[in-house]
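Turn these sequences into a full structure, and let the hints guide you.
For the record, the sequence lines run as chains A and B.
Numbered according to full-length UniProt numbering, the first sequence terminates at residue 321, and the numbering increases by one at each position without gaps.
Numbered according to full-length UniProt numbering, the second sequence terminates at residue 355, and the numbering increases by one at each position without gaps.
Hints are not guaranteed to be accurate.
Stated by the list, open to error - Derived SDA-like pairs (lysine to any residue); straight-line CA-CA distance at most 20 Å:
no., chain 1, residue 1, chain 2, residue 2
1, B, Lys147, A, Asn167
2, B, Lys194, A, Gly153
3, B, Lys63, A, Val295
4, B, Lys132, A, Phe50
5, B, Lys311, B, Asp350
To be verified - Among chain A residues calculated to face chain B with C-beta under 7 Å, some are:
no., residue
6, Phe41
7, Gly43
8, Lys52
9, Leu146
10, Arg151
11, Pro152
12, Thr237
13, Gly238
14, Ser239
15, Asp241
16, Pro242
17, Leu243
18, Ile244
19, Ile284
20, Pro294
Hint data in this document are derived by calculation from the structure and do not stem from the laboratory.
All values reported here derive from a predicted model rather than from experimental measurement.
Built from N, CA and C at the ideal position, the CB exists for glycine as well.
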Amino acid sequence: MTTRSISSSGLYRAIQSRRNRGLGGLYIVVVAFLLLYVWLFPGIVSIGGFSKFTQNWFPLALVTMAQALLMLNGGITLSVGPLVSLGAVIAATSMGGFAGTWGGIAAVAAIGLGIGAITGIIVAHLRLPAIIVTLAGSFIITGIALLILPRPGGFIPGWFSDLLAGNTPVAFCLLLVAIAGWKLFMATPAGLGMYAAGENPVGAFRSGVSVERVKVAAFAISGLLAALAGLFVAAQTGSGDPLIGNPFTLNSIAAAVLGGVGFLGGKGTMRGAICGSLLLSVMINVMFFLGFPPVAQYVAQGLIIVGAVAIPELTAQRRKK
Amino acid sequence: MKTAFLKTMPRLGSLLAGVSAAAFLMVGGTGTALAAANCVKGDRKAPFTIGWANIYSVPTWMKQTEGTITAEVEELKKTGQVKDLMITDAQGNAQTQIQHIQSMIDANVDAIVVIAGSSNALDRVIADACDKGIAIVNFDSLVNTDKVTAKINTDSSQWGATAAKWMVDQLGGKGKIIIMNGPAGISVSDDRRKGAQPVLDANPGLQVITETNTDYNVAPAQEAMTSLLFANPEIDGVLSLGGALSAGSVMAFDRQGREQVPTTGENARQFLELWKEKGLKGWATMQPNWLGAFSVYTAVQALEGKDVKPKITVPLPVIDDSNVDSYLARADKFPADGYIYSDYDKALFDKLLAQ
Chain A
1 MTTRSISSSG
11 LYRAIQSRRN
21 RGLGGLYIVV
31 VAFLLLYVWL
41 FPGIVSIGGF
51 SKFTQNWFPL
61 ALVTMAQALL
71 MLNGGITLSV
81 GPLVSLGAVI
91 AATSMGGFAG
101 TWGGIAAVAA
111 IGLGIGAITG
121 IIVAHLRLPA
131 IIVTLAGSFI
141 ITGIALLILP
151 RPGGFIPGWF
161 SDLLAGNTPV
171 AFCLLLVAIA
181 GWKLFMATPA
191 GLGMYAAGEN
201 PVGAFRSGVS
211 VERVKVAAFA
221 ISGLLAALAG
231 LFVAAQTGSG
241 DPLIGNPFTL
251 NSIAAAVLGG
261 VGFLGGKGTM
271 RGAICGSLLL
281 SVMINVMFFL
291 GFPPVAQYVA
301 QGLIIVGAVA
311 IPELTAQRRK
321 K
Chain B
1 MKTAFLKTMP
11 RLGSLLAGVS
21 AAAFLMVGGT
31 GTALAAANCV
41 KGDRKAPFTI
51 GWANIYSVPT
61 WMKQTEGTIT
71 AEVEELKKTG
81 QVKDLMITDA
91 QGNAQTQIQH
101 IQSMIDANVD
111 AIVVIAGSSN
121 ALDRVIADAC
131 DKGIAIVNFD
141 SLVNTDKVTA
151 KINTDSSQWG
161 ATAAKWMVDQ
171 LGGKGKIIIM
181 NGPAGISVSD
191 DRRKGAQPVL
201 DANPGLQVIT
211 ETNTDYNVAP
221 AQEAMTSLLF
231 ANPEIDGVLS
241 LGGALSAGSV
251 MAFDRQGREQ
261 VPTTGENARQ
271 FLELWKEKGL
281 KGWATMQPNW
291 LGAFSVYTAV
301 QALEGKDVKP
311 KITVPLPVID
321 DSNVDSYLAR
331 ADKFPADGYI
341 YSDYDKALFD
351 KLLAQ
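As structure tokens, then:
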């Protein structure tokens, strides 16, 4: 009994360290940037500074998780951004009305899950490419968000904004909860099945994974995460904006790819993706404090992203030689 | 003398706060009444550091506006009023703009000049900055919150109304028109359109065939108008609510060999040149690029203890056949796809602040 548990934990470590390989470059770059940030702005280590920084990172981290879990399953979504907008719009329009704060949260969660599940059903059962379905979905969702709230507005209770995006690191704690949830999900057959179906759908099917059902679940969870990111954005800004989420689509893909998640499914890790989103976020602040002019920021951003992706590839190639 | 007195007031207030709550309330009350401008506490000393939080730096209008900001900062550096200018570009992402403004608060800049990427999204972070005594001057695209030092803009609703009235006069109140708008969901484009509506309602003879929503760029506007020209053999006027849109429309009419119709627009160089070249009936107004320079000037005035009104409306000029030549005479000083804005100086700014 004891020996088995030891050997299985040894196996666990070995596998985890193998999964971290290739992410070393990214980890080094992220840590370097964080240290640089602390040096440039020591206030970040105070509770207020840390809270504000993590609040700005949090929605990107959530949508990156939403994107990465679909990419791990062999899919992709182009409707992450519009879903964030829709989540924000629903929160801002329902919380002031009959639904109240909790009703608003429930509405956002239900709609995120529902839209995700419907997208998943279309992709899995009609066997249409995810990229096309979610592209079409992004137009529809943007349209709905604009119909509900044609221009920025709505209402979020002040206490709710202060709770999520005040001077306490609540957002960071919620991120830890999300990561813990992902860890737990990965410990279930459904979680492993999601990976497996992304890597080798036929193999996964033959091993008894219900590939379609797993895909629908992946889309549903992804939709939920994106809508909750929208809820947070609404709390952070104190209102709803039907267009605020759009840039998240590309940024979530960038963060996931930066974190080593492949486009073909089954390759990559959630921790890598989250680190990728952290790098994208901390980069903005560091470059501000370095006083880079905006044009130089564009160039530097591009170089850092290429560097973080290229370094592990180059070291892996050298190792093979 | 007076400024020095004002600057000591808040400190006095906090000193007394410990003594008694009632005394604090009283002194706090008079303190706010005496404080010159919103957000400004009087504890910041020249030379000031200014943060310019741009939402998007790529469009020509933005580049020209940024040009007036940097020029103004150079002027104010000479007089020792400004030390440094920090520029950020959120690349159209309101979320990034929040992050930039947060960083400006962290860097403890003295003033923030901002064009908002969303009318609501920046409210909380801007209120935070205001609480820290940072002078916030918001222009062009405005935020909702009133916790700013000043909001500076032209009247978008009046923009739309005046343009629509001109169109009614041109067509004698009867005819088929197309309305060209900026992007959907953007307050400026929404407000201009809303301003036009009462005029359209009062003149039912003016029939709106259809409307377009495009970015404020020539190419998409031209494309949209080209397909509308195929579908509509009879168009009597184009009520365009943005400068580059009008240029796109005029070019579409020209390419299709259609006769030009009365067209409204802005001081976009392309539109003004086409107006003259094609001899069309035109009308234009202007969202002055120097609103940027004016905002920096206003922020510095506020920080130095001057009284600044929370809302400053800059009058919209009218450009018609009588004065379009005076604008075109200076055309070569502006980029080919840019906006020919009117001259500005300190005297004009002082006049606008005093109004």
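Where does the structure disagree with the numbered hints, that is, which hint numbers, in rising order?
none
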